[in-house]
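*Asks:* Each chain, letter by letter, is given below.
2 protein chains.
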Amino acid sequence: MMRSRFQQGLDELRTKLLEMGGMAESAVESACDAYAKRDAKLCQVVFDREKTINDAERMIDELAVDLLAMQQPMAVDLRFILAVLKINADLERVGDQAVNIAQRVLDLLHEPGLDIPVDIQRMTAAVTTMVRRALESFLTANAEVAQAVLEMDNVVDRMKDEAFVTLVHNMKDDAPHVQQYLDALLVTRNLERVADHATNIAEDVIFWVRGADVRHGADRGKAPGETAS
Amino acid sequence: MMRSRFQQGLDELRTKLLEMGGMAESAVESACDAYAKRDAKLCQVVFDREKTINDAERMIDELAVDLLAMQQPMAVDLRFILAVLKINADLERVGDQAVNIAQRVLDLLHEPGLDIPVDIQRMTAAVTTMVRRALESFLTANAEVAQAVLEMDNVVDRMKDEAFVTLVHNMKDDAPHVQQYLDALLVTRNLERVADHATNIAEDVIFWVRGADVRHGADRGKAPGETAS
Numbered sequence: 028m029m030r031s032r033f034q035q036g037l038d039e040l041r042t043k044l045l046e047m048g049g050m051a052e053s054a055v056e057s058a059c060d061a062y063a064k065r066d067a068k069l070c071q072v073v074f075d076r077e078k079t080i081n082d083a084e085r086m087i088d089e090l091a092v093d094l095l096a097m098q099q100p101m102a103v104d105l106r107f108i109l110a111v112l113k114i115n116a117d118l119e120r121v122g123d124q125a126v127n128i129a130q131r132v133l134d135l136l137h138e139p140g141l142d143i144p145v146d147i148q149r150m151t152a153a154v155t156t157m158v159r160r161a162l163e164s165f166l167t168a169n170a171e172v173a174q175a176v177l178e179m180d181n182v183v184d185r186m187k188d189e190a191f192v193t194l195v196h197n198m199k200d201d202a203p204h205v206q207q208y209l210d211a212l213l214v215t216r217n218l219e220r221v222a223d224h225a226t227n228i229a230e231d232v233i234f235w236v237r238g239a240d241v242r243h244g245a246d247r248g249k250a251p252g253e254t255a256s
Numbered sequence: 028m029m030r031s032r033f034q035q036g037l038d039e040l041r042t043k044l045l046e047m048g049g050m051a052e053s054a055v056e057s058a059c060d061a062y063a064k065r066d067a068k069l070c071q072v073v074f075d076r077e078k079t080i081n082d083a084e085r086m087i088d089e090l091a092v093d094l095l096a097m098q099q100p101m102a103v104d105l106r107f108i109l110a111v112l113k114i115n116a117d118l119e120r121v122g123d124q125a126v127n128i129a130q131r132v133l134d135l136l137h138e139p140g141l142d143i144p145v146d147i148q149r150m151t152a153a154v155t156t157m158v159r160r161a162l163e164s165f166l167t168a169n170a171e172v173a174q175a176v177l178e179m180d181n182v183v184d185r186m187k188d189e190a191f192v193t194l195v196h197n198m199k200d201d202a203p204h205v206q207q208y209l210d211a212l213l214v215t216r217n218l219e220r221v222a223d224h225a226t227n228i229a230e231d232v233i234f235w236v237r238g239a240d241v242r243h244g245a246d247r248g249k250a251p252g253e254t255a256s
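As they're listed, the protein sequences go chains D and E.
Each residue of the first sequence is one higher than the one before, starting from 28 at the first, in this note's numbering.
Each residue of the second sequence is one higher than the one before, starting from 28 at the first, in this note's numbering.
Among the hints, erroneous ones may be present.
All copies of an identical chain are treated as equivalent in the list; a pair is satisfied when it fits inside any one copy or across any two copies.
Keeping only pairs whose Cα atoms sit at most 20 Å apart, straight-line, the calculated EDC-like set for lysine to aspartate or glutamate is [stated by the list, open to error]:
1) 43 <-> 189
2) 113 <-> 188
3) 78 <-> 146
4) 78 <-> 230
5) 113 <-> 230
6) 78 <-> 171
7) 43 <-> 200
8) 113 <-> 88
9) 199 <-> 93
10) 68 <-> 84
11) 187 <-> 75
12) 64 <-> 200
13) 199 <-> 88
Honestly, the hints are just simulated from the structure, not real lab data.
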């Protein structure tokens with residue numbers, strides 16, 4: 028009976044975390060949409076969304092702490108709850124990045140529009156895919172999907188570095204529009220931080236799944252090959 | 028006996044976290060020193076230090092998980108261990124910021140030296156003080172010291188905003204040195220992120236200490252004034 032309430036709590040924790048992940052991902056999409064369209068109203072949506080995300084973070088934290096306090100969790104449940112706590116913190120910071128991007132948009136509204144020679148939309152698609160895949164790897168406890176997220180991070184890093192070179196070049200050649208290039212550069216760095224959070228989440232999933240593997244399968248401390256298969 | 032081993036584990040956790048905090052703080056100081064002196068060797072010290080910090084993070088994480096698995100912790104110990112896990116993650120990311128700053132220094136070595144009209148040293152002093160105070164608030168379980176850290180964060184935010192305005196102005200007026208101003212701007216943003224991590228740590232300390240207060244003092248769930256004093 029007690030065990031079953033605990034299991035229900037774990038299910039609730041998983042559901043709430045995935046909801047929060049969806050909110051964080053859509054906040055980033057809205058912020059980048061606001062950037063593309065120079066849309067101040069959409070920025071307000073992002074600011075409001077951040078408050079909801081912060082509330083969700085606190086609720087998930089408290090639920091996780093209550094579950095840990097409720098009974099002595101088995102190692103696999105313990106690692107799951109700890110992974111939730113870490114992922115929760117990363118998702119909240121994804122929401123912060125969306126806010127940072129929206130603040131850049133407000134900054135830009137005073138400046139004339141300008142074609143920026145960097146594909147922000149492509150980078151946005153890449154990082155929101157990373158967040159989605161990282162959450163999918165969590166939902167399905169799939170370390171391979173998590174591993175794929177880590178590899179996507181290299182692609183995003185490269186996009187960021189290329190954008191840096193291009194934008195610095197443009198700043199030098201076209202000084203009157205420094206502000207616009209700089210805002211684009213800062214947006215790419217915010218997106219890269221979203222990618223970093225997705226990477227952290229994927230690493231947490233791997234930690235959790237491998238911990239579960241260790242518990243269910245091989246003995247810890249033995250050299251590879253020593254374990255019975 | 029079991030309880031005493033658990034208590035020893037908590038003490039070890041506290042000591043190791045404070046050591047890690049010292050390493051993270053000194054990594055930021057070394058990185059800013061490297062920036063001021065354009066010293067590539069000092070950058071290497073920062074890169075090496077990051078590896079040590081990452082190892083320490085993993086060790087602290089494992090120790091915390093082992094303690095949670097060892098016995099059913101009391102609420103106050105549970106919150107302490109969870110605070111350690113969060114602070115640990117933030118300190119590791121302080122180390123990452125030191126690395127980012129050191130990478131900016133390597134970027135700058137190809138450019139001629141230039142007097143930058145922003146007091147990076149003053150900002151460095153402010154953010155490393157925040158990290159130190161946040162750790163002090165943890166060591167002494169002092170929510171008031173933690174609160175002071177949150178207030179310092181506003182000061183650092185203002186420094187960052189002022190630096191932004193100054194440096195964008197300089198980029199426009201002095202395009203050939205865009206790279207140097209941009210690197211300074213990115214360093215101030217890295218420092219601001221260090222301040223954010225110190226703020227997170229202070230918030231975790233407040234969560235932990237208030238949790239302990241709730242447990243020791245007033246009943247949860249009652250309206251203010253309903254509790255016996």
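*Asks:* Would you pick out the hints that fail for this structure and give their numbers low to high?
*Replies:* Checked against the structure, the hints that fail are numbers 1, 2, 3, 6, 7, 9, 10, 11, 12, 13, while the rest are satisfied.
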